[in-house]
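Peer 1: Sequence:
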Amino acid sequence: MAGAEARWRIVVHIGSGQPELRAALAQLPLRARAERLRMLALVGLYNLRCGPAPAGAVVDLNSEQDAAVTERRERLLRGLLQETD
402 MAGAEARWRI VVHIGSGQPE LRAALAQLPL RARAERLRML ALVGLYNLRC GPAPAGAVVD
462 LNSEQDAAVT ERRERLLRGL LQETD
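For the sequence shown, the working numbering begins at 402 and goes up steadily by one.
For the record, the hints were derived by calculation from the structure and aren't laboratory data. C-beta atoms are modelled at their ideal positions from N, C-alpha and C, and glycine is treated no differently. Hints are not guaranteed to be accurate.
[To be verified] Pair ranges (Cβ atoms, derived):
#1 ARG476 / ARG450: 18 to 26 Å
#2 GLY416 / ALA468: 38 to 46 Å
#3 ARG408 / PRO453: 29 to 37 Å
#4 ARG410 / ASP467: 33 to 41 Å
#5 ARG450 / HIS414: 19 to 27 Å
#6 PRO453 / ALA427: 21 to 29 Å
#7 HIS414 / GLU472: 32 to 40 Å
#8 GLU472 / GLY445: 18 to 26 Å
#9 GLY418 / VAL470: 29 to 37 Å
#10 LEU431 / ASP467: 33 to 41 Å
#11 LEU431 / ARG408: 14 to 22 Å
#12 ASP467 / GLY418: 36 to 44 Å
Please construct the entire structure, taking both the sequences and the accompanying hints into account.
Peer 2: And the structure:
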């Protein structure tokens with residue numbers, strides 16, 4: 402039973418109420434759409450938990466934190482932009 406949670410299947414119907422999302426997903430190969438939705442869901446969860454960053458906000462990070470944030474940002478952007486077959 403330990404692996405039961407690891408294999409969820411969720412069906413998402415994206416209707417005409419979300420034209421921007423529909424258009425963005427239509428440009429992706431079928432198998433890449435699920436990954437894109439996972440990335441967008443993670444961004445949404447972060448936004449709900451931490452709140453949106455104010456426009457033009459300046460965050461004071463030391464160089465070690467800055468490197469970690471930059472690396473994570475680049476990894477997330479690669480995941481969002483990656484198109485797989």
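Peer 1: Falls inside 38 to 46 Å, the C-beta gap from GLY416 to ALA468?
Peer 2: The hinted range 38 to 46 Å holds for GLY416 and ALA468, with Cβ atoms some 42 Å apart.
Peer 1: Are PRO453 and ALA427 spaced within 21 to 29 Å by their CB atoms?
Peer 2: Between PRO453 and ALA427, where Cβ atoms are some 27 Å apart, the hint holds.
Peer 1: Hint says 36 to 44 Å; check whether the CB-CB distance for ASP467 and GLY418 agrees.
Peer 2: 39 Å, holds
Peer 1: Can the suggested window of 33 to 41 Å be confirmed for the beta-carbon pair ARG410 and ASP467?
Peer 2: At roughly 39 Å between Cβ atoms, ASP467 and ARG410 fall inside 33 to 41 Å, so the hint holds.
Peer 1: Can you tell me whether the CB distance of ARG450 to HIS414 sits inside 19 to 27 Å?
Peer 2: Because 26 Å falls inside the window, the suggested range holds.
Peer 1: Taking the Cβ atom of ARG408 and the Cβ atom of PRO453, is their distance within the range 29 to 37 Å?
Peer 2: Since ARG408 and PRO453 have Cβ atoms about 33 Å apart, the given range 29 to 37 Å holds.
Peer 1: Could you see if the CB distance from GLY418 to VAL470 stays within 29 to 37 Å?
Peer 2: Holds, since GLY418 and VAL470 (Cβ atoms, about 34 Å apart) stay within the stated range.
Peer 1: Can you tell me whether the CB distance of ARG476 to ARG450 sits inside 18 to 26 Å?
Peer 2: With a Cβ separation near 19 Å, ARG476 and ARG450 satisfy 18 to 26 Å, so the hint holds.
Peer 1: Looking only at beta-carbon atoms, does the pair LEU431, ARG408 fall within the given range of 14 to 22 Å?
Peer 2: Holds - the Cβ-Cβ distance for LEU431 and ARG408, about 20 Å, lies within 14 to 22 Å.
Peer 1: Could you say whether the range 32 to 40 Å given as a hint is met by the Cβ separation of HIS414 and GLU472?
Peer 2: Given range 32 to 40 Å: holds, Cβ gap about 36 Å.
Peer 1: Evaluate the given range 33 to 41 Å for the C-beta pair formed by LEU431 and ASP467.
Peer 2: At 38 Å between Cβs, range holds.
Peer 1: For GLU472 and GLY445, compare the CB-CB distance with the range 18 to 26 Å and indicate the outcome.
Peer 2: About 22 Å separates the Cβ atoms of GLU472 and GLY445, which means 18 to 26 Å holds.
Hint compliance for this structure: every hint is met.
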